[in-house]
Structure formats: C-alpha cells, structure tokens
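What follows is the residue order along each chain.
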Amino acid sequence: MININEVIETNAMIEKENLDVRTITLGISLLDCISDDINELNENIYNKITSVAQNLVKTGHEIEREFAIPIVNKRISVTPIAIIGASACKSEKDFVSIAKTLDRAAKKCGVNFLGGFSALPAKGMTKSEELLIKSIPEALCVTDNICASVNLGSTKTGINMDAVALMGKIVKQTAEMTKDRDSIGCAKLVVFCNAPDDNPFMAGAFHGVTETDNVINVGVSGPGVIKHALSEVEGADFGTLCECIKKTAFKITRLGQLVAQEASRRLDIPFGIVDLSLAPTPAIGDSIAEILEGIGLERVGAPGTTAALALLNDNVKKGGIMASSYVGGLSGAFIPVSEDQGMIDAVKVGSLTIEKLEAMTCVCSVGLDMIAIPGSTNEYTIAGIIADEMAIGMINQKTTAVRVIPVIGKEVGEEASFGGLLGYAPIMSVNNFSCEAFIKRGGRIPAPVHSFKN
Amino acid sequence: MSKSIITVVGRDQVGIIARVCTYLAANGVNILDISQTIVDGFFNMMMITDTSAATKEFLVLSDELEALGKEIGVIIKLQREDIFNKMQRI
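Order-wise, the sequence lines are chains W and B. Per our numbering, the very first residue in the first sequence carries number 1; after that it's consecutive. Per our numbering, the very first residue in the second sequence carries number 455; after that it's consecutive.
Keep in mind the hints are simulated off the structure, nothing from the lab. Small disclaimer: the values here were computed from a predicted structure and weren't measured. Be aware that a few hints might be false.
[Unchecked claim] Simulated pairs of lysine-lysine, BS3-like, Cα-Cα distance not exceeding 27 angstroms:
#, chain 1, residue 1, chain 2, residue 2
1, B, Lys524, W, Lys247
2, W, Lys16, B, Lys510
3, W, Lys58, B, Lys531
4, W, Lys58, B, Lys510
5, W, Lys93, W, Lys134
6, B, Lys510, W, Lys247
7, W, Lys58, B, Lys457
[Stated by the list, open to error] Residues of chain W clear of chain B, computed beta-carbon distances all greater than 12 angstroms:
#, residue
8, Glu15
9, Val57
10, Ile63
11, Arg104
12, Asn145
13, Glu234
14, Gln397
15, Glu436
16, Asn454
From the three backbone atoms N, C-alpha and C, an ideal C-beta is built for every residue, glycine too.
Whenever a hint applies, use it, and build me the whole structure from the sequences.
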C-alpha cells in the first residue's frame, strides 16, 4: 500500500517543483474531409474537428482535478494541410481560408494551439506544398492559434535545398507581417529535418499520415523535478548522477502514461504515445539551463555544456522508456531560449551563443528553438542557419528543428516579448558573413551514406 | 473499490481528524488507513479511503473537502490513488 512519504514526495513535485503534464494533444485525421470544392472542404474540416474534439478540454479539466495534477495545455494536431488542400486549393488565399477555419475550430474547442498547417517537402515539393508554404506569412498573421511546420529533409531523402531557400524567405516575410507584435508569427512556425508523425508539442505538431483516425498523445514536463533531485546528489560521480536522472524521469513519465491512458479511456480515442520531453517554462526553477548548471556548469554555454546535455538527454530517455508502453514524438530535452529563464540569463551574460546552441542540438531532442535574432538578418542567412541544422539531423539520424524569430526593428542588446508560455528573449548576435551563393545553388543535398560512421 | 487519497497539511490543532472524519462519514466515504507525520514543522496526514459508496460525485467531494480545509485553516486534497501507484510502483 502507498505510504505517506510517497504521497508527500509526489505532491511536493507538483506543488513545489512545477511538475505538470505539458500537453494532451488530440491528433485528428482530416483525410476524409478532402473535397475539390474549397467551401465544402472548409465546412468538412470545421465539422470534423469540432465534433471529435468537443470533449477534449472538459475531459482534460476533469483529469486535472481528480488527480490534482496540472495539465497545462490541451491541443489539437491535424493531417498536414498541404495534403488535405491539394485538390481544392488553387491559390495561397485558399490555404489562408483553411487556416482561418482551423482557427475558428480551435477557438470553438477551447484549445490554445492547433498544429498541422504543414507541408512535408523533404525531397520534392508539390504545387500544393509550395502554395501552402507561400501562404504561411498571411495565415499566421490573421490567425491566433494556428501553428505551421515544414519538413525540409530527412536521413533517407537528404535535404530539399529549394525548400530551405524558400523557408528563409518565408520566415522573414512572417516576421515582417507580424512586426507590430515583435514578429510573433515566427514563434508559431518551425522547420524540421526528420519530423515525427506523432509529436504532441507545438509549434511542430501534426497528425502524420502513418497515424490512425484519431489519437491521444501526451507530452510530460518536469525540469524542476530533475533539478530538485540533482540537488541531493551534489558532488557525486557520474554513475550516481545518471541513476538519479533515470529514476526521476521514470516517475515523471509514469504520470504522463497515467494521464494519457485516462484521457484515452474517457474520450474513447486510442492512446498513441507519451513524449518524454523535458520542456521548460519561463517560471523560475522550471529550467533546463538550471539543470545543466546543477550538473556543474557555472553557466550554460560553458565548456562541458554539450557533454552535460548529452548525459541528461540520454538518461531522461533511459528512465522514461520503461515508464511508458509507447514512447514517441520528440522525446528528450528541449532547449528553447525564450521559454527558459536560465537560457535567457546565460545569453545576457554572454555565456551562450547561437553557435554553442547549434552544438547542443547535436545531442538533445530538437534544435534551435525560440531564438530571437536581429530583424535585419537577411533571408539567405536565415536559410543558412536552417540548412546547418537540417544537416545535423540528416547525418545524425535525429529530429532537428529551427524556430528563429528575426525581430523586425530590433537589434542585439534589445529584447523581444512574446507573452505567456512563449516568454521573452534577448536578441542574439548572428554571424553575418554571407552564404547567399551557397543557398542560391538550388536543388537537393543527396541522402547521406549510412555506413562509415566517423 | 475506488481508492482515493486524502491529504491534510497545515499547523497541528485539536480536532482536525475529527472534523474530516465526520465529513467523510456523513458522505459515505470509508476510511481504510490513516497515517500522519510532521514535515518541516507542519502536520501531514494521509488517509486512504474508498469512495465507491460515496453519496456525492468525486469532484463535489473534492470541492467540499477543500472548503472544509479553508474553514479549519489547513490544506485538504482529494486525489485518486492511481497517481501515486503509477509514480511510486513499477
């Protein structure tokens, strides 16, 4: 039988160490909504989402209260819209109309984000994908709750450099269109290499075509819990440190598994995966940077940071995998800058640079995330940053992503503020030596060799 | 059986257990086990209860216990047992 110390420990994690379930994300297939008539398509999409997801938020609240565990976000992901709109959409405006429909459906269901305004041109780009991508700046400007993502490459296909070049331009245009709000449109736009089909986290969530009709995916969090646990093994050797991370990750993930199963049962929708990610928030103590500092770095960014992050990421997975029957999504440590107070502080004191963050993305779950850069950064430099990150993902057979925000009108030394979970970020300096000729070559980077791993 | 955990945290005073137990008895909640300890100078009590025969909905019990806690000057929480079993047992 459960004893009082175990109860006190669990409740202390929730009350004092910011343990929460970060998101219940309901994946909905829109394949059966497809029509060649744009009005009919929009109507089908709205009806499908609002009927499948009608009880999502209510059920989330009930689980929250019965177990006394915060479930921060209830969200929806849908089939990539470039596929769904391929037959009906003849122009960028048609895709914008779908974005507006999705926004209305998200608001009706009471979710804070809906992901899947997406295209997957990892190898080649269809006309429909090109139209969707070109509609992204306006779509993100005229909607509040929609997230867009584009998969630009994979280990199997190589990198679609035409799409990379286009995304450099699209990121810049999105920033321009939302410049009155610190270019917030870019905070809802992410590009991937090796994008997973079952990611519950925004901005990159979409319901992949390998998925069933509807599915519940859950993302857990808990940097604060790991940080607290590490304070009890201060000065201990690496074996002890890793054991501590594994045990704590196990407990955190069990919570995600419980919430996923409950949500699945109550909504009568199959359980997909638990995403083991450690996702920080701007709240003090809920920070990946502070965990790394707890491992022994004066500031994140110092030599040793990549190694510390590698061991953290690997042991979160080792502990988490046993705790859940199905693990998926991005699973690892997130290192967004604007959403993590420790990262923000490290940038401010000059310890953390984009180049070090890029190195860190080689060993953690995603990529360059929520990084504000000067608004004057040109589209080729942005495309170059994206290409570098895609290359890391392609060669290392992992998911990588880029979500940078060129904050129009602001330069290094200033700050951009996005509000809520998106936080705020100091503008980081970017290497401005040109890569224009490289980006302008066009075509694809061929798929890499899968042997000779040196 | 539907097991739930009630925790009471706050400054120790006369009659806490009596008032919580009176409420539970009046609402058909059976107490299976009680334990208590002091952590950082605060009174911590845990009850394992069976709410399957309760006369009120789970969330109503939860709200009323929370309100009772405010009245006494302690924090009372009602949670389903699964959260602890999942996290603390393989």
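Evaluation of the provided hints:
1. B/Lys524 with W/Lys247: Distance of about 35 angstroms is beyond 27 angstroms: violated.
2. W/Lys16 with B/Lys510: Distance ~30 angstroms between W/Lys16 and B/Lys510 Cα, so the pair is violated.
3. W/Lys58 with B/Lys531: holds, 21 angstroms
4. W/Lys58 with B/Lys510: The given pair, whose Cα atoms are some 20 angstroms apart, holds under the 27 angstroms limit.
5. W/Lys93 with W/Lys134: Between W/Lys93 and W/Lys134 the Cα gap is close to 10 angstroms, so the pair holds against 27 angstroms.
6. B/Lys510 with W/Lys247: Violated, at about 38 angstroms.
7. W/Lys58 with B/Lys457: Holds, at roughly 23 angstroms.
8. Glu15: Contrary to the label, W/Glu15 does not stay out of reach of chain B, its closest Cβ about 9 angstroms off (not over 12 angstroms).
9. Val57: holds, 16 angstroms
10. Ile63: violated, 9 angstroms
11. Arg104: holds, 30 angstroms
12. Asn145: For W/Asn145, whose nearest Cβ neighbour in chain B is about 28 angstroms away, the distance exceeds 12 angstroms, so it holds.
13. Glu234: holds, 20 angstroms
14. Gln397: Given a closest Cβ separation of 31 angstroms, the condition holds.
15. Glu436: At about 53 angstroms from chain B, W/Glu436 clears the 12 angstroms cut-off, so the statement holds.
16. Asn454: Consistent with the label, W/Asn454 stays out of reach of chain B, its closest Cβ about 39 angstroms off (over 12 angstroms).
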